[in-house]
Amino acid sequence: MFLMGILLLFLITVTFVTWHLWCLTPGGWIPKLAVSLLFLLWMVAAFASMAFRNRASLSTITALYEIGHPWMIAYLYLLVAFLLLDIGVLVRLIPREWLSDNGYLMAGIFAVVAAILVSGGIHYRHKYREELTIQTEKSLPRPLTVVLASDLHLGYSNRREELSRWVNLINAEKPDLVLFGGDIVDIQLRPLVEGNYAAEFARIGVPIYTVLGNHEYIGSEPESEKFFTDAGITLLRDSVAHFEGLTLIGRDDRSNRSRKPLSELFDGADGFTILLDHQPYHLEEAEEAGVDFQFSGHTHRGQVWPLSWVTDALFEKSWGHHRRGNTRYYISSGLGIWGPKIRVGTRSEYLVLHLVSGKPETLHVPEDDMVDNNENK
1 MFLMGILLLF LITVTFVTWH LWCLTPGGWI PKLAVSLLFL LWMVAAFASM
51 AFRNRASLST ITALYEIGHP WMIAYLYLLV AFLLLDIGVL VRLIPREWLS
101 DNGYLMAGIF AVVAAILVSG GIHYRHKYRE ELTIQTEKSL PRPLTVVLAS
151 DLHLGYSNRR EELSRWVNLI NAEKPDLVLF GGDIVDIQLR PLVEGNYAAE
201 FARIGVPIYT VLGNHEYIGS EPESEKFFTD AGITLLRDSV AHFEGLTLIG
251 RDDRSNRSRK PLSELFDGAD GFTILLDHQP YHLEEAEEAG VDFQFSGHTH
301 RGQVWPLSWV TDALFEKSWG HHRRGNTRYY ISSGLGIWGP KIRVGTRSEY
351 LVLHLVSGKP ETLHVPEDDM VDNNENK
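For the record, in the sequence shown the residue sitting at position 224 is 224 according to the working numbering, with numbers rising by one throughout.
By construction, these hints were calculated from the structure, which means they are not laboratory data. Using N, Cα and C, we set each Cβ at its ideal position, and we do this for glycine too. Some hints could be false.
[Said to hold, decoys possible] In silico DSBU-like cross-links for lysine-lysine, where the CA-CA straight-line distance does not exceed 30 Å:
(1) K138 - K260
(2) K138 - K174
(3) K317 - K127
(4) K174 - K127
(5) K317 - K260
(6) K226 - K260
(7) K317 - K138
(8) K226 - K174
(9) K226 - K127
[To be verified] Derived Cβ-Cβ restraints for the label pairs, each shown as a range:
(10) M4 - R142: 49 to 59 Å
(11) R190 - S164: 15 to 25 Å
(12) L11 - E244: 53 to 63 Å
(13) N171 - V89: 53 to 63 Å
(14) K138 - N54: 44 to 54 Å
(15) V89 - E223: 48 to 58 Å
(16) A34 - T133: 49 to 59 Å
(17) E244 - L9: 43 to 53 Å
(18) E225 - A51: 24 to 34 Å
(19) K138 - F110: 49 to 59 Å
(20) F2 - G88: 28 to 38 Å
(21) V89 - P222: 48 to 58 Å
Hey, can you work out the whole structure from these sequences and the hints?
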């Protein structure tokens, strides 16, 4: 019933945008029909890329992704623009006739939306390096550097050449350990297997651990597990691992309604504990269990404004540094992205975590705010 409501709302809003495009386009019914059909055909390309993933060639689906997925962002901002214009008409700030046969207004709106798409695509290409140093009284045999990233969404959008660039960024940190917070796979394993993406992960050369995200469940978690094995990635699925004084706790994604409670996974080890939990719900559980540091992703912080307002409202913390008692958190907006490779008001990032033994008073990060001391790579 909920999904039917979402679908109905989507159809209403698409009709709303298409109608406004029809009214705004100057001239007779031929140019109006052409603009409206182009908008709808663009939408069809976006959904065809998802509907025919198992039937068409990789090159065809990739092309449909590249062409069609930016429609989602264009549709969002056209919807916002037309809603604001209608409100302006209702409160008598804008003459109603402006919304009919107005080529100048249509060109202006198209120019703004195009600028958003282009600038958002350029912004997505930049990967932000967030750095955090934690001094802990718990014993570590040596200082450790851990690189953490979430939501790679590898597949038709983020392809092997993009992954290769990300691996270069990770290797440049000379990490002792690499942790991924889920959604390595973007729904389907086919492009990863046929493109031998596993070979890129093998270039990292240090232990890699991950947990499942909801997209591994949307696709096929058994196939994802096999890919992780081939890539040399250890999957923590409601399980615990140990690495040089660290206790790594990996929770299964909440898509599995039978996943174990955190209290059953926490073994009370003396080492510094890092929890990987893809979706950042119920952050109090880590605090209650005595976890030192939790890393999550999933939210993308909405990916584009104003959807970031939605994720900020849904989650206790949808992005950035957070603290509850003695437990610290980092909620990542993701290294990759789902769908269109566009970010507006959010960023693609990875976290470099330095862990050293010592008194915790010298923690080099504010308690609840982002530190803007990052390299833009």
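Hint check:
1. A distance of roughly 26 Å separates the Cα atoms of K138 and K260; the hinted pair therefore holds under the 30 Å criterion.
2. The straight-line distance between the Cα atoms of K138 and K174 is roughly 23 Å, inside the 30 Å bound, and the hint therefore holds.
3. Taken as a hint, the K317 and K127 pair is honoured in the structure, with Cα atoms around 21 Å apart against an allowance of 30 Å.
4. Taking the CA atoms of K174 and K127, the gap is near 17 Å; set against the 30 Å cutoff, the hint holds.
5. Between the alpha carbons of K317 and K260 the distance comes to roughly 23 Å, so the proposed pair stays at or under 30 Å and holds.
6. Our distance criterion of 30 Å between C-alpha atoms is met by K226 and K260, whose separation comes to about 22 Å.
7. This hinted pair checks out: K317 and K138 have alpha carbons roughly 27 Å apart, not beyond 30 Å.
8. Restraint check for K226 and K174: the C-alpha separation of about 27 Å stays at or below 30 Å, so the hint holds.
9. Proposed proximity of K226 and K127 is supported: the alpha carbons are some 28 Å apart, at most 30 Å.
10. Distance hint for M4 and R142: a CB-CB separation of about 56 Å, consistent with the stated range 49 to 59 Å.
11. Judged by the Cβ atoms, the range 15 to 25 Å given for R190 and S164 holds: they are separated by roughly 19 Å.
12. The beta-carbon spacing between L11 and E244, approximately 54 Å, falls within the hinted interval of 53 to 63 Å.
13. Distance hint for N171 and V89: a CB-CB separation of about 56 Å, consistent with the stated range 53 to 63 Å.
14. Under the hint 44 to 54 Å, the C-beta atoms of K138 and N54, about 48 Å apart, fit the expected range.
15. Between V89 and E223, the C-beta spacing of about 52 Å keeps the proposed range 48 to 58 Å intact.
16. For A34 paired with T133, a C-beta distance near 58 Å keeps the hint of 49 to 59 Å intact.
17. Checking the proposed 43 to 53 Å range against E244 and L9 shows it holds: the Cβ atoms sit about 50 Å from each other.
18. Here the CB-CB span from E225 to A51 is close to 26 Å, well matched to the stated 24 to 34 Å.
19. The hinted window of 49 to 59 Å between K138 and F110 holds, with their beta carbons roughly 57 Å apart.
20. Checked against the hint of 28 to 38 Å, the C-beta distance between F2 and G88 comes to roughly 32 Å, which is consistent with it.
21. Taken as a hint, the range 48 to 58 Å holds for the pair V89 and P222, whose Cβ atoms sit roughly 54 Å apart.
Comparing the model with each numbered hint stated earlier shows that all of them hold.
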